[in-house]
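Trainee: Below, each chain spelled out in residue letters.
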Amino acid sequence: MGKFGSCNFPCTAMLSFALFWSLPLQAEMVTLNESEMSEIDGAGIGLVLDNFTFSHGTDAPDANGNQARIFRITGIKSTDGQDVDITVNHLYIAGADSTYGQNLTPVNLGRLLHPWRIDVVDGNTIGVRDKSVLEIAAPAMLSAAEGYDCLGGSAAAGSGTCSSRPATESWIGERADMGMQMNVAVGDDRSANLNIHAKSAVIDGSYLRLWGDDARQQMAGQFKLNFYSPELTINACTQDGSECGSRITMSDFVLQLAIGNELQPVFFDVDGTGNFVLEVDAIAAPAPGQIAANGLREGSDTATWDFYEAYYTNPEYRSNLRIGNFGVGDRDFGSARIEGMLIQHLEIRTKDLAP
Amino acid sequence: MIRLTCCSATRFCLLFMALLPALAYSEMSPLGDDALADVSGQGGIYLSGDISINEMGGPVQNNYFGRCDEADKKCGARFAYRLKQDGGWMVLDEIRGMFAFEGLTLRVRSVDSGFGGDGALFDRDVIELGLPNVVRFSDVQFKIASSSTPRPTDPGFQQTDIFAVEMQGDVIMQGNLLVFPDGTP
Numbered sequence: 364m365g366k367f368g369s370c371n372f373p374c375t376a377m378l379s380f381a382l383f384w385s386l387p388l389q390a391e392m393v394t395l396n397e398s399e400m401s402e403i404d405g406a407g408i409g410l411v412l413d414n415f416t417f418s419h420g421t422d423a424p425d426a427n428g429n430q431a432r433i434f435r436i437t438g439i440k441s442t443d444g445q446d447v448d449i450t451v452n453h454l455y456i457a458g459a460d461s462t463y464g465q466n467l468t469p470v471n472l473g474r475l476l477h478p479w480r481i482d483v484v485d486g487n488t489i490g491v492r493d494k495s496v497l498e499i500a501a502p503a504m505l506s507a508a509e510g511y512d513c514l515g516g517s518a519a520a521g522s523g524t525c526s527s528r529p530a531t532e533s534w535i536g537e538r539a540d541m542g543m544q545m546n547v548a549v550g551d552d553r554s555a556n557l558n559i560h561a562k563s564a565v566i567d568g569s570y571l572r573l574w575g576d577d578a579r580q581q582m583a584g585q586f587k588l589n590f591y592s593p594e595l596t597i598n599a600c601t602q603d604g605s606e607c608g609s610r611i612t613m614s615d616f617v618l619q620l621a622i623g624n625e626l627q628p629v630f631f632d633v634d635g636t637g638n639f640v641l642e643v644d645a646i647a648a649p650a651p652g653q654i655a656a657n658g659l660r661e662g663s664d665t666a667t668w669d670f671y672e673a674y675y676t677n678p679e680y681r682s683n684l685r686i687g688n689f690g691v692g693d694r695d696f697g698s699a700r701i702e703g704m705l706i707q708h709l710e711i712r713t714k715d716l717a718p
Numbered sequence: 219m220i221r222l223t224c225c226s227a228t229r230f231c232l233l234f235m236a237l238l239p240a241l242a243y244s245e246m247s248p249l250g251d252d253a254l255a256d257v258s259g260q261g262g263i264y265l266s267g268d269i270s271i272n273e274m275g276g277p278v279q280n281n282y283f284g285r286c287d288e289a290d291k292k293c294g295a296r297f298a299y300r301l302k303q304d305g306g307w308m309v310l311d312e313i314r315g316m317f318a319f320e321g322l323t324l325r326v327r328s329v330d331s332g333f334g335g336d337g338a339l340f341d342r343d344v345i346e347l348g349l350p351n352v353v354r355f356s357d358v359q360f361k362i363a364s365s366s367t368p369r370p371t372d373p374g375f376q377q378t379d380i381f382a383v384e385m386q387g388d389v390i391m392q393g394n395l396l397v398f399p400d401g402t403p
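Heads up: the protein sequence lines correspond to chains H and X, in order. To convert, take the position in the first sequence, counting from 1, and add 363; that gives the numbering used here. To convert, take the position in the second sequence, counting from 1, and add 218; that gives the numbering used here.
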C-alpha cells in the first residue's frame with residue numbers, strides 16, 4: 364500500500380485510464396427499448412427443391428391379390444349412397460421431356476435468386492391495412508426485360524415475365540412435367556383410366572395470403588394461382604392401358620385465377636352441421652346519391668367514384684383462362700379465351716349426401 | 219534508489235492493468251462477414267429410421283377411440299382447428315401409419331456455383347435437407363373432414379367426411395430441399 368501511496372502523477376493517470384478503459388465493456392450489454400425492438404424484423408424463409416423427383420402410384424395386384432404400392436382417395440359417396448373410390452395409378456413431378464411420366468428425370472423447383480417463400484409481410488405494403496399477413500408464395504414474376512417466356516417459347520432472358528427457366532441442354536430448368544393417371548369406381552363399376560399431363564409447367568406469381576379479420580373474428584385470405592403450360596393433355600385409356608381414346612390437347616394453356624382480394628378477402632368456415640363454407644363477400648354498395656344517375660364522375664362523389672373505378676379496372680382482381688389451341692385427336696378447334704372474370708360474390712357450402 | 223525501483227514496478231503493474239481490459243475487449247470483437255464465412259462446422263447428420271403414428275392405436279381409450287383391432291372404435295389421431303370464433307372445426311382425422319426412410323441428411327452447404335448460373339450470384343450458405351430417395355409408406359391414411367365440435371365425444375357432435383387418402387408402398391422422393399433466409403427484413 365505504501366508503495367502505491369508513493370506513486371507519482373503518471374501512475375495515477377494510468378490507473379484512471381485503466382478504470383475508464385473498462386467502461387465500454389459494460390456499454391456493450393445495454394438493453395433495447397420497445398421502439399428499438401419494433402424496428403427489428405426477421406427475413407422470411409426461401410425454399411428451393413434441388414434435383415427433385417416425386418413419384419407414387421398404385422400397382423396391379425400380384426397372384427395373391429397383394430399390391431406393392433397403393434395410392435387411393437376414398438370416403439366420397441355418390442348421390443345414391445354408393446362408395447366412390449379414386450385410385451391414383453401414377454402421380455409424378457419430374458423434369459422436362461418425361462414423355463407423359465414414363466421417363467422421370469430431376470428438376471429444380473424455385474431458383475436461389477427467386478425461391479419459394481414463406482414470410483410474414485407488412486399488410487400495408489400489399490393493401491391489407493394494419494395487419495401482419497402470412498404469405499406462402501411461388502417464385503416471383505419478373506419484369507419483361509429480365510424474365511423468361513412463361514410458355515417456354517424461348518429460354519433467353521427478356522423473353523417474358525416468369526422467373527423459372529425452361530430446360531436447356533446445359534441446365535435442367537425450373538419447370539416441371541407433372542401428371543396424374545387415375546380411375547374412378549362408383550360401387551363395383553370402375554371407369555377407364557383418365558390421364559392428365561402438363562408439360563413444363565410454371566406457377567410463378569402464385570400465392571396464398573392469410574390474416575385475421577377483426578370484424579368477423581375469422582381467418583381471411585387471398586389466393587392467386589397462375590398456371591402456365593405449353594401443353595396440357597387429357598385422355599382416357601382402358602385399364603390395362605392397351606387402348607386409348609383421342610387425346611384432348613390444350614396448347615399454350617394459361618390460367619390466372621384470383622380468389623379474394625384485399626377489398627374482398629375469401630373467408631373459410633365450418634358451419635354448425637359440420638359442412639365446409641368458402642365465402643367471398645360482395646363489395647359494399649355506394650350510399651344513395653354518391654354516384655350520379657348517369658354514372659359519370661361529374662356529379663358523383665369523386666372519392667367514391669374513383670374507388671369503384673379502381674375496383675372494376677384493376678386487372679389483379681380478375682381471372683383469365685387462355686388456350687392457344689384446343690385440339691381433339693387430329694382436329695383443331697382454334698384458340699379459346701375467357702378473360703376478365705371478376706368474382707363479385709361467391710359462397711360454396713358442402714352438403715353431406717350420406718343418409 | 220529503492221523508491222525509484224518500486225515506482226517502476228508499480229508503473230509496470232498499472233500498465234499491465236491498463237492493458238488487461240483491452241485484451242478482454244479484443245476477445246469480444248465481432249467477426250466480420252469474411253471471417254465468419256471461413257468458419258465451418260462438421261459434415262452434418264445422416265438419419266435413418268421410421269416414424270409411426272397410432273400404428274396400434276392412440277393413448278385415449280373411451281367409447282369412441284380405442285385400439286386398432288377393435289372394429290367399432292376409431293384408432294387414428296385427430297387434429298382439429300377452427301377458422302372463426304364460435305365457428306365449426308376443420309379436421310384432419312384418423313391419421314395413422316408408418317413412414318420408413320433411410321438416408322435423410324441434414325447439413326450446411328455453401329453454394330457458389332451451379333444452378334444454371336444462379337449459384338455464383340447467390341454465393342451464400344444454405345441448410346440442405348437431403349431427401350432419402352425412397353420413403354416406404356406402410357398403411358398411411360388420413361381423412362379430411364369438417365365437424366361441429368372439436369372432439370367426437372362432445373355433445374352435439376356432427377361431422378362431414380370430405381375425403382380420405384390411403385398410401386402404401388415405396389414413394390419416390392429424390393432431391394434436396396434448400397432452406398435459407400430470404401425477403402426484405
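Quick caveat, the hints were computed from the structure, so don't treat them as lab data. No experiment lies behind these values; they were computed from the predicted model shown. One thing to keep in mind: the hints can contain errors.
[As the list claims (entries may be wrong)] Pulled a few chain H residues facing chain X out of the computed Cβ check, cut under 10 Å:
id, residue
1, Asp413
2, Asp482
3, Ser517
4, Phe631
5, Glu702
6, Leu705
7, Leu709
8, Thr713
Using N, Cα and C, we set each Cβ at its ideal position, and we do this for glycine too.
Trainee: Each of the hints needs a verdict: does it hold here or not?
Mentor: Each hint, compared with the structure:
no., hint, verdict
1, Asp413, "holds (4 Å)"
2, Asp482, "holds (5 Å)"
3, Ser517, "violated (15 Å)"
4, Phe631, "holds (5 Å)"
5, Glu702, "violated (32 Å)"
6, Leu705, "violated (25 Å)"
7, Leu709, "violated (16 Å)"
8, Thr713, "holds (6 Å)"
In this structure, the earlier hints numbered 3, 5, 6 and 7 are contradicted, and the remaining ones agree with it.
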